[in-house]
Amino acid sequence: MHPILKIIAQRLALSTLLLLAASALIFAGTEILPGDVAQSILGQSATEQSLANLREELGLNEPAISRYFSWLGNALQGDLGIALTNGQQISESVGSRLKNTLFLAGWAAIISVPLAIFLGLLAVRYRDRWPDKLISAVTLTSISIPEFLIGYLLMYFIAVKLGWFSSVALINDNMSLLEKLNAIALPVMVLVLVVLAHMMRMTRAAILNVMQSAYIETAELKGLSGFNVIAKHAFPNAVAPIVNVVMLNLAYLVVGVVVVEVVFVYPGMGQYLVDHVSKRDVPVVQACGLIFAAVYIGLNMIADIVSILANPRLRHPK
Amino acid sequence: MDNQLDFMAGRVTAGKMTRREFMGKATALGVSAVVASSMFADAVHAAGPVKGGSMKAAMNGGASSDTLDPALVASEGTHAILRQWGDTLAFVSNTGEIVPGLAESIESSADAKTWHFKIRKGVEYHNGKTMTPEDVVATVERHSDESSTSGALGIVSGIESMKINGDTVTFNLLDASADFPYLMADYHLVVQPNGGKDAPAAGIGTGPYQVEVNQPGVRTAYKKFANDWDDTRGHADEVEVLIINDATARTAALQSGQVQMINRIDPKVAKLLDRAPGISVQNISGPGHYVFIMRTETAPFDNNDLRMALKFAINREEMVDKILRGYGSVGNDFPINAAYPLFDDSIAQRKYDIDMAAKYYKQSGHDGSPIILRTADGAFPGAVDAASLFQQSAQAAGIPLEIKREPDDGYWSEVWNKKPFCASYWGGRPVQDQMYATAYQSTADWNDTEFKRPDFDTLLIEAKGETDLVKRKALYSEMAYMVRDEGGLILPMFNDYIDATSDNIAGYVGDPLGGLMNDFALSRCWVKA
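Protein chains in written order, with my numbering: chain H, 59 to 376; chain W, 755 to 1283.
Because the hints were derived from the structure by calculation, they are not lab data. The model shown is predicted, which means the values in this text are computed figures rather than measured ones. Incorrect hints may appear among the rest.
What the hints assert, rightly or not - Lysine-lysine pairs mimicking BS3-like chemistry, simulated, CA-CA at most 27 Å apart:
1) W:K977 with H:K238
2) W:K1025 with W:K1076
3) W:K977 with W:K951
4) W:K1076 with H:K219
5) W:K951 with H:K219
6) H:K219 with W:K1025
Whole structure, please, built from the sequences with the hints as guidance.
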């Protein structure tokens, strides 16, 4: 068997195992939350009688182990159960929310990843001169400001003062792609500003590292232009750490943008998860946890595989 | 001056003067802001509503875990969503009177134990079926089922039996209740086909708007129901409720014109927002209040001298000033204010009095150990700051308070109604009886001050069945004194509802029962032509 295939198979198996472990953790975590779902649904209006009725109705009296295995079995078949709070099919509501989250994350990634890498290359080309300093200063400033504040600032100046884009990023299926893009313009801007610095700085650092190598000097001696040396000779050899950081940021765009969702009223996964955590809607929390874990593990697996493929010693074994 | 005002009112009616202009000029003529505001509303109404257009409201208080089932409505967002598609038998007007809803007339026996509701004929549901008296009975049955999780369970448990006779539904009550129509106006008791027993969350009702799209916690879009029984409402063709829980985002949505009305303005920004062009801030004093609760059967609060000491040790004016920024009024340690019918305004206002506080504190013989006051950000807006102010003012009287800050998560299940002394809030009820029965009757589940007085309970039942309003008012006054002087409630302030509306909306009239005209704004306001 080709060693690369073997390594990829190993990665896949490991990821599956990891996901299984994560599912057990998620289940255990939701079990030890204080209070129970019946109490949370009824809130201030709970009486002993209605609490007992609701617990019975929701099947909260069964042992945890048997609930775990039946949950895992159903989840593997795509059945995530029914939300305790409003009786809707979780797979349906999660489906549309996940689609929205991926739509937002996707557009943010399409803009931010090439932009970050390009800016990184540019910063190396003009290192320690004003373009490098400007790029670093701007991106580091934007990552240092809390994302909700960036959101408010953009909202105030762009949506309220200039009236260019909508401050409410509501999208639905009846909208055309252009209308949707118009609606999500502001949250995409915020997300781009938030993830840009990390990827840009990593690109810069990784490439600067290989710029000391002898073959870069050779390329320069061949008479290649500064930017060509960086893009064609240095970048391919610096790809592994960059891909890792890019994947971490993509994972963040999917699982960590709840604040941006709240500020722009975007119907994504984060808001959905938070609402159901506060009502102790355990099946929903578990479903979201499982999806987030899968996204995280999946993206990291891709990062691993790409870095393996980027390594010529593994690609061309003797 | 009158001529000038009439002229200005005429300009408003003709749509040639904005609210801002009118208010500015009227107050310059020496008219108080309250009077000017109501004159403006009258002048606008004289022009008559305009049909058509679309309106959107952005609301605080909704989540993606919400449902359309009226029995489970508990937050402002879900309440606003419900009010557009569903109707109750009766409504409570903004002056506190009962207005007919799905019942066209209401009569009672002399002893107020039997009530006859004549159900309106020919009212159509959104699905084309006709509403019947059987549906009314089924609705009440669903909410009174012992195993139900309905928020109206306590309200309907006083009904002994129901009977249909032609168009009339007769309710026989366990105890006489002169306020029964107010109970039937409770928002949970929206009449649904077969009482909602088949499909509680279908969102099919008799309201002015029918649900087109419902995404819980995001948006609910409606279109005008063509066969609505009431043609004095539902002016816009389309309305929509957006859930925007973030206050800044809500304000931005109004300022950028994406919505025309929003609720729950932060008192800190209300004055600033009112200065923004094209926007009016509306504040309405209501019966909601922020409180500190002492459990009167738990040491050390089982000592009335200590309770009195703490009641005198709180600076009410300062709290209204600093916590509510003036958008509210001082409380008097009983849960009733002028927003209620039969309020006795002759009860003396309790003031911050260091000497009285110190005197009662000494008399209580408290050992001087710090008294623990629990609070949380979620107890009410500004609860942590309010607790600090209380600590300072009590310190001045030599009473040591120790603030213990609790997490929001679990506050209502672990702290409120369990710990001896904590911050909390109450929304209002339409009538005094309901407020007292919810939280001050010995047997009430939510009796958070452990106020257990058989003589109070007797008065409550007596007042409930008393049809002579003068006698009834005297009874309520007596009860108010009992809670004020012996209860465990420290009530420093009643909070206003603060809404904001866009100036291209007309027909807004404040309602003391809740923000955004008790959430009827979407179906009663209209878009200016």
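Hint check:
Straight-line distance between C-alpha atoms of W:K977 and H:K238 comes to about 23 Å, which keeps the hinted pair within the 27 Å bound. Straight-line distance between C-alpha atoms of W:K1025 and W:K1076 comes to about 14 Å, which keeps the hinted pair within the 27 Å bound. Taking the CA atoms of W:K977 and W:K951, the gap is near 25 Å; set against the 27 Å cutoff, the hint holds. Proposed proximity of W:K1076 and H:K219 is contradicted: the alpha carbons are some 31 Å apart, above 27 Å.
For the proposed pair W:K951 and H:K219, the alpha carbon gap of about 50 Å is over 27 Å, so the pair is violated. As the CA atoms of H:K219 and W:K1025 are separated by approximately 19 Å, the hinted pair is consistent with the 27 Å bound.
In the structure shown, a violation is registered for the earlier hints numbered 4 and 5, in ascending order.
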